[in-house]
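J.: So the sequence lines, in the order shown, correspond to chains A and B.
Residue numbers for the first sequence follow our numbering, beginning at 2 and rising by one.
Residue numbers for the second sequence follow our numbering, beginning at 2 and rising by one.
Misleading hints may appear alongside valid ones.
Because identical chains share one entry, a pair is satisfied inside a single copy or across any pair of copies.
Pairs of lysine-lysine, DSBU-like flavour, derived with a Cα cap of 35 Å [claimed, not checked]: (1) K224 with K260; (2) K60 with K166; (3) K62 with K192; (4) K4 with K260; (5) K62 with K260; (6) K224 with K198; (7) K110 with K198; (8) K3 with K221; (9) K3 with K166; (10) K3 with K260; (11) K4 with K166; (12) K169 with K260.
Hints in this document: simulated from the structure, not taken from any laboratory.
What follows is the residue order along each chain.
Protein chains: 2
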Amino acid sequence: MKKIRIGIAGYGNLGRGVELAIRQNDDMELVGVFTRRAPESVKLQTPGVPVYPLADAAKYKDAVDVMIICGGSATDLPEQTPALVKDFNVIDSFDTHARIPEHFANVDKAAKESGHLGMISLGWDPGLFSLNRVYAEAILRNGETYTFWGKGVSQGHSDAIRRVKGVKRGIQYTCPVESAIEAVRSGAQPKLTTRDKHERVCYVVAEEGADLAQIEQDIKTMKNYFDEYNTTVNFIDEETFDREHNTLPHGGFVIRSGKTGADLSTTQTIEYSLKLGSNPEFTASVLVAYARALSRLSAEGQTGCKTAFDIAPGYLSPLSPEELRAHCL
Amino acid sequence: MKKIRIGIAGYGNLGRGVELAIRQNDDMELVGVFTRRAPESVKLQTPGVPVYPLADAAKYKDAVDVMIICGGSATDLPEQTPALVKDFNVIDSFDTHARIPEHFANVDKAAKESGHLGMISLGWDPGLFSLNRVYAEAILRNGETYTFWGKGVSQGHSDAIRRVKGVKRGIQYTCPVESAIEAVRSGAQPKLTTRDKHERVCYVVAEEGADLAQIEQDIKTMKNYFDEYNTTVNFIDEETFDREHNTLPHGGFVIRSGKTGADLSTTQTIEYSLKLGSNPEFTASVLVAYARALSRLSAEGQTGCKTAFDIAPGYLSPLSPEELRAHCL
Numbered sequence: 002m003k004k005i006r007i008g009i010a011g012y013g014n015l016g017r018g019v020e021l022a023i024r025q026n027d028d029m030e031l032v033g034v035f036t037r038r039a040p041e042s043v044k045l046q047t048p049g050v051p052v053y054p055l056a057d058a059a060k061y062k063d064a065v066d067v068m069i070i071c072g073g074s075a076t077d078l079p080e081q082t083p084a085l086v087k088d089f090n091v092i093d094s095f096d097t098h099a100r101i102p103e104h105f106a107n108v109d110k111a112a113k114e115s116g117h118l119g120m121i122s123l124g125w126d127p128g129l130f131s132l133n134r135v136y137a138e139a140i141l142r143n144g145e146t147y148t149f150w151g152k153g154v155s156q157g158h159s160d161a162i163r164r165v166k167g168v169k170r171g172i173q174y175t176c177p178v179e180s181a182i183e184a185v186r187s188g189a190q191p192k193l194t195t196r197d198k199h200e201r202v203c204y205v206v207a208e209e210g211a212d213l214a215q216i217e218q219d220i221k222t223m224k225n226y227f228d229e230y231n232t233t234v235n236f237i238d239e240e241t242f243d244r245e246h247n248t249l250p251h252g253g254f255v256i257r258s259g260k261t262g263a264d265l266s267t268t269q270t271i272e273y274s275l276k277l278g279s280n281p282e283f284t285a286s287v288l289v290a291y292a293r294a295l296s297r298l299s300a301e302g303q304t305g306c307k308t309a310f311d312i313a314p315g316y317l318s319p320l321s322p323e324e325l326r327a328h329c330l
Numbered sequence: 002m003k004k005i006r007i008g009i010a011g012y013g014n015l016g017r018g019v020e021l022a023i024r025q026n027d028d029m030e031l032v033g034v035f036t037r038r039a040p041e042s043v044k045l046q047t048p049g050v051p052v053y054p055l056a057d058a059a060k061y062k063d064a065v066d067v068m069i070i071c072g073g074s075a076t077d078l079p080e081q082t083p084a085l086v087k088d089f090n091v092i093d094s095f096d097t098h099a100r101i102p103e104h105f106a107n108v109d110k111a112a113k114e115s116g117h118l119g120m121i122s123l124g125w126d127p128g129l130f131s132l133n134r135v136y137a138e139a140i141l142r143n144g145e146t147y148t149f150w151g152k153g154v155s156q157g158h159s160d161a162i163r164r165v166k167g168v169k170r171g172i173q174y175t176c177p178v179e180s181a182i183e184a185v186r187s188g189a190q191p192k193l194t195t196r197d198k199h200e201r202v203c204y205v206v207a208e209e210g211a212d213l214a215q216i217e218q219d220i221k222t223m224k225n226y227f228d229e230y231n232t233t234v235n236f237i238d239e240e241t242f243d244r245e246h247n248t249l250p251h252g253g254f255v256i257r258s259g260k261t262g263a264d265l266s267t268t269q270t271i272e273y274s275l276k277l278g279s280n281p282e283f284t285a286s287v288l289v290a291y292a293r294a295l296s297r298l299s300a301e302g303q304t305g306c307k308t309a310f311d312i313a314p315g316y317l318s319p320l321s322p323e324e325l326r327a328h329c330l
């Protein structure tokens, strides 16, 4: 069997996760990592895989079946995905929800012009959560959909904490409010405010001699980040920080609570949840599964831009349609 | 907008559920119910919808866009689906897992010969549970998948109870063992036997003067139905039975517990669960959503047989691809 040849563009947490996820799929091989850094400064986890300058990527266009782009959504992907799709079939995890239509249009245009296929906004949200919202809302037409995130590390909020005066180290966990989840599961279709749904829990290592009360107040009142939430600030020492806060867990819940029947008196609940020991390793695993789908759809002659909504589940699996029907249906 | 014209073949619990689900979808209309009974004996919940003899269905082939076949899997669907796909685009909920490949082949052949599209084995298991197994296994390649059913009424086991001597009324609930679910959620990937995963809880109204101890023993030792499970038999009076056991709840869990990372030390958990106030009403809602997908795929010129694995999520939604990307991604 000819393996699917994968390239990775960008080698941060997500790129490292993709590298590891490829190892779990024996129908794929990693053929190169493309980086903006000096290639010789990038140490991979896999011996023998070459590292190339991202600027030279086009030279390798015949050697890569699917380029998985592992840049950030704020500034990298809006540039990189439309640029790389000129030479490659590409996948990204673009997650700035409000800008997805614009990003889609840019990637679709470039992909159609070059005859390639691009898949955007894959991962778990957007991605798996999105398609669970669509399935659930198509099936239970009368109802409410709720998305909860966490418990998990928010990089944006952790960065915000670290900008507060007197903070040496900081990390923020977004936590769903258990009583809100239970209210949703009950079928009551509650109206929930931002504050009702999530709370924010911070762990801070303060600079020596810093004013802890001031740090706590600065965090809790920070506009757009913390002011609309119930926030807890825990001060810990650096050793504890390093020992207990060195992973990137995340997860969440998509719950659709609906009504069926002649008088809409029957309660029906669909719940999808993720409990992730590592957010980047899981997101990487999603991207790699969609790389398989992409290589198949490309072989069928498809071009342009696709999202999770456009891709039939069977395309993700290494099993054949016959095997899927016999063993998974 | 031209509505999708739906026909219902078979008017039991599932057919009645389909009739109600169509009301929740304003892009669809019910154009007729087809029955093996005397049409005048069938009273619909919707005034003005005609009831026709199933034997005359072919006469109405130009009036129906999608025929939703609501027969049973044991004997009805293996006959009806390949027969009706000669004249209609069809959907069924065929759920005899072991015979799906054979049923698929029969429907695929007849559908391709007649230029129609058939979708089989839709509902929640097979159906939504199946596609969650496929997504989860494609993403977490290293791991174990667990399916739990219930709490819910098993018609087959309820029928079995009612055949026991001295039983006047009987119903059986399949219940997942909570401690087994918790063990799976912990990431321990436990080996679970049939007895570990589910227990069976029966409610029985005994005939007057019946030997209750004998009934209990006959149920608990019944081969293929109860002997491999921990079974509880509760005797109740008929009034309680009518009051407390007059609905058909069901549900269940598909949990994939996987490992990622360089040394496979990161635990990742994907869980999909349903809590259904009415099994037939929910299954009907799934069939109706797939009827929308079918009408679109048929308009694209697709023929043959499809399952949930072959159908991209976006096809189920009444929203356009642009709306889905803007609002659900």
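J.: Which hints from the list above does the structure break, by number from lowest to highest?
T.: The structure conflicts with hints 1, 2, 3, 7, 8, 9 and 11, although it agrees with all the remaining ones.
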